[in-house]
Amino acid sequence: MTTPTDIQNEIIDNFSLFEGDIEQTLMYLMDLGKKLPAMPDEHKVDEFIVKGCQSKVWVFPKLEEGKVQFEVDSNTEITKGLLYLLWSIWNNQTPETILSTELYFIDKIGMSRMIGTQRSNGFTSMIQKMKAFATLYHQQSNS
Amino acid sequence: MILDINNIRSQFPILHQQVNGKPLVYFDNAATTQKPQRVIDALNKYYTLDNANIHRAAHTLAARSTEYFEQTRKAIQQFINAKEDAECIFTKGVTESINLVVQTWGRQFLQAGDEVVITTMEHHSNIVPWQMICEEKGAVLKVVPINDAGELLMDEFEKLLSPKTKMVSCVWVSNALGTINPVKEIIEKAHAIGAKVLLDGAQACSHMEVDVQLLDCDFLTISSHKLYGPTGVGVLYGKRELLEAMPPYQGGGEMIKEVTFAKTTYNEIPFKFEAGTPNIGDVIAFKYALDFVNALGKLNIAAHEEALLRHFVNGINEIHGIKLVGTALQKISVQSFVLNNMHHFDAGMMLDAKGIAVRTGHHCTQPLMQRFGLDGTVRASFAVYNTIGEVDILIEALRKLANLNN
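Read top to bottom, the protein sequences are chains E and A. Numbering follows our numbering, in which position 94 of the first sequence is assigned residue number 109; successive positions increment by one, without gaps. Numbering follows our numbering, in which position 4 of the second sequence is assigned residue number 53; successive positions increment by one, without gaps.
Incorrect hints may appear among the rest.
To be verified - Facing chain A, from chain E, some residues (calculated, C-beta under 7 Å):
#: 1; residue: 37
#: 2; residue: 38
#: 3; residue: 41
#: 4; residue: 92
#: 5; residue: 112
Stated by the list, open to error - Which chain E residues stay away from chain A? Per the calculated CB distances, all over 10 Å, these:
#: 6; residue: 22
#: 7; residue: 25
#: 8; residue: 27
#: 9; residue: 31
#: 10; residue: 57
#: 11; residue: 61
#: 12; residue: 77
#: 13; residue: 94
#: 14; residue: 120
#: 15; residue: 122
#: 16; residue: 154
#: 17; residue: 158
I should point out that these hints are in silico values taken from the structure, not numbers from a laboratory. Glycine residues also receive a C-beta, built at the ideal position from the N, C-alpha and C atoms.
With the rest of the complex left out, here is chain E:
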């Protein structure tokens, strides 16, 4: 099965094709966002909103057979692309895998230069939200 490391390496390879061209990179991110499965509107409630993002961002988790299934969405396309990156790495992984993943791709693709400080902070909030759900599932399975 594909590991978070495999996916991160693939992301790094794909982004390197743009050689730092920000416009092309943003277009690519918007295209990636379109690949996300649709998130049902009934899951887009306050409990699943990611705070600290300028855009509206939702992360809805459920645990199925020991693996976390994430539904994610945003009202802006570039943010959906960012969500896609995290989703592709962490969806259908165990809580333990999610918690032990070091997201080294962020620095390698020059994320902060690409999206600026404000969105980088929002991106960190998305990561924290997904990890918080993984922590919850991990604690539940150990109790």
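Assemble chain A onto chain E, guided by the hints.
Only chain A this time, still in chain E's reference frame:
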């Protein structure tokens, strides 16, 4: 006089740089304007040669910095045609200027049941302070509605006026829409029922001729950094009799005449409202921004900016999928718009990738955005150093964005 824009641009070093590999196109002037070299030089000179705390010192540097500081006050007086320079109080910006009025005039003169009238297109800085004092005093905040073009409904304004109205606090020019409000008429009608008028001049003062005596406004707020001057400096103009009747804003040094532990008497205006060491260097440099604007002439600046706005609106009207927000007949060079196929945040980032700086979001006017059923817009705002060529770059970029197949 037709302005030599190349010459003007040469006075703004910041404009001559690349952003994301493209020449910077700076269209976020309603948020803050760039600073001409003479303003930067004045700041440098102040800290290199003149720095000293102003007023009350016996030495040469203090005398010099005091003189320069007060020269800016005189320059502001002339800029807005106030009767006397003592009617011009330095603050840290328009937000503080409004809060000063609310916390002194409002606290002294507003009572339960009184009414304060604002408009739908106010910046949050002219909504929230009034909400706070109205809540505290049991006064009522009334809001003048607008039409779909973003113009005040003056009939509705008149209906809102009553003997209970104590204050009309109204934006002269909308930061989000560019609408120029009919402030002369507003002031006359408000005065006719005995209300005072505060004009938020944050956007207006860099584009419009200002004559507070002709307007007869009771208060006017001015922002330095939207007027080619440094950040951290604003002005509150107020009529002498009002300023004298108002209690002090903050207590501290400078604002006193005599302090004993039993009682303190307060200084004369404007010092009564200028507690503590002010932002001396930036105030001094602000004068050079006023000189810059005066040398070009407001009418010439407005004519150039009008040409930029018209060129932009004509270009955008030919692009399918972009809707203009704010189409008042009387406007300054600010244009909000939304793209059908793209969120304003995404559009802002895509434009930045092309070196184009615009503002996106609610522009600190959330109630106005709600009026239009939007959560935000893209806003391009033009200043005297912008060119038709730059506007074409934006139009072309937007044409491509609007055609992206989302």
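Provide an ascending list of the numbers of those earlier hints which the structure does not satisfy.
5, 13
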